[in-house]
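Bring the two chains, given one by one in their own frames, into a single complex with the hints.
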Amino acid sequence: MIHQDSRKLLEIRGLRATVSGIEILKGIDLTVRSGEIHAIMGTNGSGKSTLAKVLAGHNAYTVTAGSVVFEGNDLLGLEPEERARAGVFLAFQYPIEIPGVSNSHFLRLAYNTVQAQRGKDELDPLEFEDFVREKMKLLDMNPDFLDRGVNEGFSGGEKKRNEILQMALLEPRLAILDETDSGLDIDALRIVTTGVNKLATRDNAIILVTHYQRMLNYIVPDYVHVMQGGRIIKTGGKELALDLETRGYDWVGAERRSAIGA
Amino acid sequence: MSMVTGNSYLDSLLQGQPQLPPSPLAWFNQLRASAVDRVGTLKLPTTRDEDWRFTDITPLAKLSFQPARVISTLQATDLERFYLDEAAIRLVFVDGTYMPQFSTQQGKAGESGLIITDLSAAVPRHAAAIEPHLGRHAGFEDNLFAALNTAFLQHGAVIVAPRNAAVEAPVHVLSVSTQPGAASHPRCLLIAESGSAVTIVEDYVTLGQEGEEAYVTNAVTEIVLKDNAQVDHVRIQRDSTQAFHIGNCAVSLARASRYRSVSVALGARISRYDLNVLLADEGAECTVDGLALISGRQLADTHTCIDHARPSCTSRQAHKCIVDGAGHAVFNGKIVVRAGAQHTDSAQSNRSLLLNAKARVDTKPQLEIFADDVKCAHGATVGQLDNEELFYLESRGLSGLAARNLLTYAFGAEIIDRIPVASLKHRLEQTVLEQTKRN
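Same order as they appear, the protein sequences are chains A and B.
Numbers 1 to 262, taken from the numbering used here, label the letters of the first sequence in order.
Numbers 1001 to 1439, taken from the numbering used here, label the letters of the second sequence in order.
FYI, nobody ran anything at the bench for these hints, they're computed from the structure.
A hint or two may mislead.
As the list claims (entries may be wrong) - A partial selection of chain B residues facing chain A, derived with a Cβ cut-off under 7 Å: (1) Glu1388; (2) Phe1391; (3) Tyr1392; (4) Ser1395; (5) Arg1396; (6) Leu1398; (7) Ala1413; (8) Glu1414.
Claimed, not checked - Label pairs and their calculated CB-CB ranges: (9) B:Asp1056 <-> A:Gln117: 47 to 53 Å; (10) A:Asp144 <-> B:Asp1362: 39 to 45 Å; (11) B:Leu1401 <-> A:Arg202: 32 to 38 Å.
In this text, a Cβ means the ideal position worked out from N, Cα and C, and glycines have one as well.
Pulled out of the complex, with its shape left as it was, chain B reads as follows (with noise of 0.2 Å):
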C-alpha cells in the first residue's frame, strides 16, 4: 500500500488502546499486539492500490478520531425504534460498547449450550470454542482496518448456536453510534456448530441527526459453518450520511452448510463492505445478495470474494446499486474457482440504476477459474428506468415522479424481499419507499 499520510495518523487511531484492559488469557493479548503490529506497519490505503482504486478514503484521513467515550445517559425509550418484533435475543453495542441493560441474552428455555453473549464476558467462559476462530477468519496482515478493529478487541457479539440446535427467533446485533468524531470498532463472531440453524442481524444505525459531525465504524464480522449447518446473515448499514462506515465479514463453510446474505447499504458518506466467503468444503452453498442505496455525495463501495475451494460447492450473488444525485457505487465481486473444485455451480449478477446524470457506478465481476468443469455465469448491467414500465405506470394514472419512483422502489424491493424477517423487511421497504420519494 502506499503512503498518503504519515503514520502519526495511524497512531493518533490507536489513541486510547494502551489503556484497554488486559485479558486473563494469554492468547487474547497477543491477538491485540500482532495486530498493534500491522496498524504499524500497515499504511493506509489509497487510489493507487488496486482495491481500492475507486474509493478515495483521503477525506477519512483528514479528519481525527477519538475513541468513543462510554456514555450511561442512553435510555431505553432512545434505543426502542430501532428494535425487531421477532428478535427475542438482542445484543446492543453502543459506540462499540456492550450495554447490558438494553440486552436480552437468552432465548427460549431449552436452548440449553447455545451462547450469547459480549465478547468481555465470552472469552474467559468459553474460550475453547472461541479461541480456534476469533481473527482466524478475518485476517489482517494486510488489511488495515481489520488490524485497526483486532487491536481494539474488547467488547462484541459472540453467538454459538449448539449442534443441532435451530435457533428460532433472529439474533439483532444492534450497533449504535452516537458521538461524533468518534470511532468505535464493533466485532462480531458467529460459530454454528455441525447441523444448526442460526439468523442473524447485524444492524448499524446512529442517533444522530443528519447533517451532524462524522464519526467512524469500523466492524469485523466472522462467521463459521460447520458440517450442514445454516446461517442466514442479514446486514444493514444506515449509519448518518456524515459517517464512515468500514466493515469487513469472513465466512467459513464446512461441508454441506449453507450461508444466506442479504446486505443493504443506506448510509455513510463513504463506506466500504468487504465480504469474503469461502467454501471450504463440498457441497457447501451461499446466496450472497446486497443493495447498496445512495443518494448525495455518498460513496457505497462492495467487495466480494466467494472462494470454491473445493469441488460441488454452489454459490449464487445477487447485488444492485440505485445511485442518484452525484452519488457513486462500487462492486468488485469476485468468484473464484480453485483447482479441483470440479462441479462448482456459479452465478453472479450485478444491476445498478442511475437515476441521475452525476450519479456513477462502478463495476467490475472478476472470475478467476482453476478448474474445467465447471458452470460460472457472470452480467453486469448499468442503467435507466425502463421507459415502457414508466408508460405503463403513467398509462395507469400514475404521474411521472410517482411511477419514477415505485419502479425504483420496485428495484430494490427484489433484494429487500429476500430478509428472512418480516419486521424488517417492512421496516426497509418504508425506509426505500421514503428515499426514492426525495428525488
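For reference, chain A alone in the conformation it holds in the complex (with noise of 0.2 Å):
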C-alpha cells in the first residue's frame, strides 16, 4: 500500500544488461518504496524475468549501464548471498531441486545465514523445526516436506509453496515474486498469495513479475509497469493489469510508438 511516511527502498537507474551479449534490458528505470507492490507485466521475451534474476545477482547476466541503489548502497556492487543477506529475496519461476540435501537442512542453513547477518540469534535444529513448522501453517504445507530433498519430486504448487516459505523464514525487504502463479491451480493459487498478502507490511515491497493479470484478483499491486523489448513502457495503477487481461498488449506498444512518434 502507498503511505505517506514510506521510505525510498529500490532505485533503478538506465539499468542495461545483456546475456551472452545480446542486450535484454535497454534502459530500466523504477522506483519501490517501502509499503508498496509493483506489478510488472509482459510478454515472454520482454525481458521482466531478466530483470528480476539481475536484481538477485544471477551470474549469467551483464550489467553494461545504469544503477540500482537499494536502502541507500549500490546493489549491483554486492554478490547474491549479499544481496539476500541485505534483504532481498527472489522467489524463483523454477525453483532448483537438490536431492541430497534435506529441505529442513537448507532452510535452517538459509535462515541462520541471513540471521547470523543481521545480528540476531540463529536456531539450533530442534528450534528450528517448530519455527518453520508455524510458518509452514500459513501455506498450508504438509510438515513432511521438511524430510523430504529440496525441491526433489515437489509438484509445480509444491516447489511454489517452498519458495514463498523462505520469504517467510528470511523476511526480505524487497521480495520479488518471478511468475510465482505459473504452474498453479486456483487451490494452490489462493493459499500462496494468501500467504504473500500475509508478509506484505509497511516496511517492505514486494515485486510481482507476471504474464498474467489472475494473480493480482489476489495480491493488489498500487502500480501496475508493463515491459516490452527491454524497457518499461506504461505504468498505472491496478486497473492496468485489467486492461491487459481484456486488450492483451499489443495496444500498449501502439500507443507508445504513437506517443514517441515512431
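This is the structure we're talking about:
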C-alpha cells in the first residue's frame, strides 16, 4: 500500500544488461518505496524475468549501464548472497531441485545465515523445527516436506509454496516473485497469495513479475508496469492489469509508438 | 601381465607366509599352497594391462612391506569410536589378526545355527559349510592380489546365516590398520542360506595419524546367496591417505536372491576395488552403488562386473565420483549378458563431479550382450557443479563456498543415503560434510 511516511527502498536508473552479448534490458527506470506492491507484466521475452535475475545477482547477466540503489547502497556491487543478506529475495520461477539435501537442513542453513548477518540468534535444529512448522501453517504445507530433498519430486505448486516459505523465513525488505503464479491451480494460487499478503507490511515491498492478471486478483498491486523490448513502456494503477487482460499487450506498444512518434 | 619388477618383490611380499601355522585340514593347506604357487607365476600388473590402464601401482612396488606383527597394547577405548550403535555383532581384526577381546560374536539367542566367528576357529568346526565356498568365488588364477591374500589365509570373518533366519542387527566387520610399513590380508566369507537375510558392514579404518607412513591392505571378500536369500553389503574404505588398498569381492546369487551393496572409498593414496557379481540363477536381483570421494593426489579405481548368466535377472548400479585437487578416479563398469539370459533388466549410471581443473576421471561403461530380448540402459556424465543450483543457494544467503560445499555434499549424500545402517549413514554424512568443507 502507498503511505505517507514510506522510504525509498529501490531505485533503478537507466539499467541495461546483456546475456551472452545480447542486450535484454535496454534502460529500466523504477522506484519502489516501502509498503508498495509493484506488478511487472509483459509478454515472454519482454525482459521481465531478466530484470528479476539481474536484481538478485545472477552471474549469467552482465550489467552494461545504469545503477541500482537498494536502501541507499549500490546493489550491483554486491554478490548474490550479500544481496540476500541485505534483504533482497527472489522467488524462482523454476525452483531448483537438490536431491541429497533435506529441505529442513537447507531452510535452516539459509535462515541462520541471514539471521547471523542481522545480528540475531541462530536456531538449532530442534528450535528451528518448531519455528518452521509454524511458518508452514501459513502456506498450508505438510511438515513431511521438511524431510524430503530440497524441492525433490515436489509438484509445481509445492515448489512455489516452498519458495514463499523461504520468503516467510528470510523476511526480506524486497521480495521479487518471478511468475510465482505459473503452474498453480486455483486452490494453490489462493493459498500462496494469501501467504504473500500476510507477509506484506509497511516496511517491505514486493515486485510481482507475471504474465497474467489472475494473481493480481489476490494480491492487489499499487502499480502495474508493462515491459516490452527490455523497457518499461507503461505504468499505471491496478486497473491497467485488467485492461491488459481484456485487450492484450499490443495496444500498449502501439500507444507508445504513437506517443514517441515512431 | 607384464613385468615391472623382479619376482624378488613378490617373494618379499610372501615373507612370513611359510611360518603360518598349518591347518589340520588338508584342503585348507592345499588352498594356501596353490595360492603361493600362483603368486610365483603371476606378475605385478602395470598400466600396460588393460584392467590396470589408468592405475599405476609402481609406488606400491617401490616400498617393501613386512607382514604385520601381532600387537597387544591396543585398548578397547582406541577402537570404540568406530563401533556402530546398531551392530550387536562385531568382528574386529587388527592388521589382519582376529581380536576376540574386542569382538562380540553371537547375536540374540534364538538365532540358532548362526555362525559368526573367526576363520581359524571356524574352519575345523564348520568345514562342511566353508570348504565349498572359501576361495571358490574370488578366483586367484589370474589375480595376483587375491592369490596373495589366499596365500596368507589364517584369520578372517566367517558368517553363515542359517536357512530362513533374519539376522536383525548388522554384522560389523571392522578391519583396523595400526602398523606403518605392514601388509595385511583381511578376508571375509559370508554364506546366506536359503531364505535368510543379513546385513554386513565391512569397514576399513586406520588408527594412524594423517601423513604417516604407508601400509597395504589387501582384502578379499566372498559372498554367497542361496535361493531367496537377501544380503545388504556396506563397504567403507577409510584407510590412511598414504595407504594402499586393494579389495576383491566376489558375489554369487542363486535363484530369486537379492544383493544390495553400497561401497564408499574415502581413503588411501591408491585404492582399487574389484566387485564381481554373478547372477547365477533366474530372478536374482542386485543393486550395486558406489561413491569415491577423493582429493589431493589420491587415486580411487573401481572395477565392477555384473554377470547376467541366467534369464530374468535384474541389476541396478549407480556409481559416483567426487574428485578434488589432483585426484584421479577410475570407474570401469562391465555388464555381461550371456547367451540365453533373456529378460535381463539392467541399468547403470556413473556420474562424476570434478571440483578442480587438475582433477581427473576415467570412466568406461562396458556392455557385453549376447542375448536379444534384454533391457540394458547405461549412462555416464562428468561435470562441474551446476551454475543454476549455485545461484539458487547464493540467492538464499549462502556464500559461494558454502553453496559449493553443500552441492558437493548433496551429490555424494545421494549414495550415502542408501546405506541401511542409520548411525553409519549419519557418520559418513558428517565425514563427507567435513571433507567437502576443506576446499
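A quick look at each hint next to the structure:
1. Glu1388: 6 Å, holds
2. Phe1391: 5 Å, holds
3. Tyr1392: 4 Å, holds
4. Ser1395: Since the shortest Cβ distance to chain A is 5 Å, the answer is holds.
5. Arg1396: 4 Å, holds
6. Leu1398: 6 Å, holds
7. Ala1413: 4 Å, holds
8. Glu1414: For Glu1414 of chain B, the interface hint holds, since the closest Cβ of chain A sits about 4 Å away, which is under 7 Å.
9. B:Asp1056 <-> A:Gln117: 47 to 53 Å: Since Asp1056 of chain B and Gln117 of chain A have Cβ atoms about 48 Å apart, the given range 47 to 53 Å holds.
10. A:Asp144 <-> B:Asp1362: 39 to 45 Å: The hint (39 to 45 Å, Cβ to Cβ) holds, given that Asp144 of chain A and Asp1362 of chain B are roughly 41 Å apart.
11. B:Leu1401 <-> A:Arg202: 32 to 38 Å: 36 Å, holds
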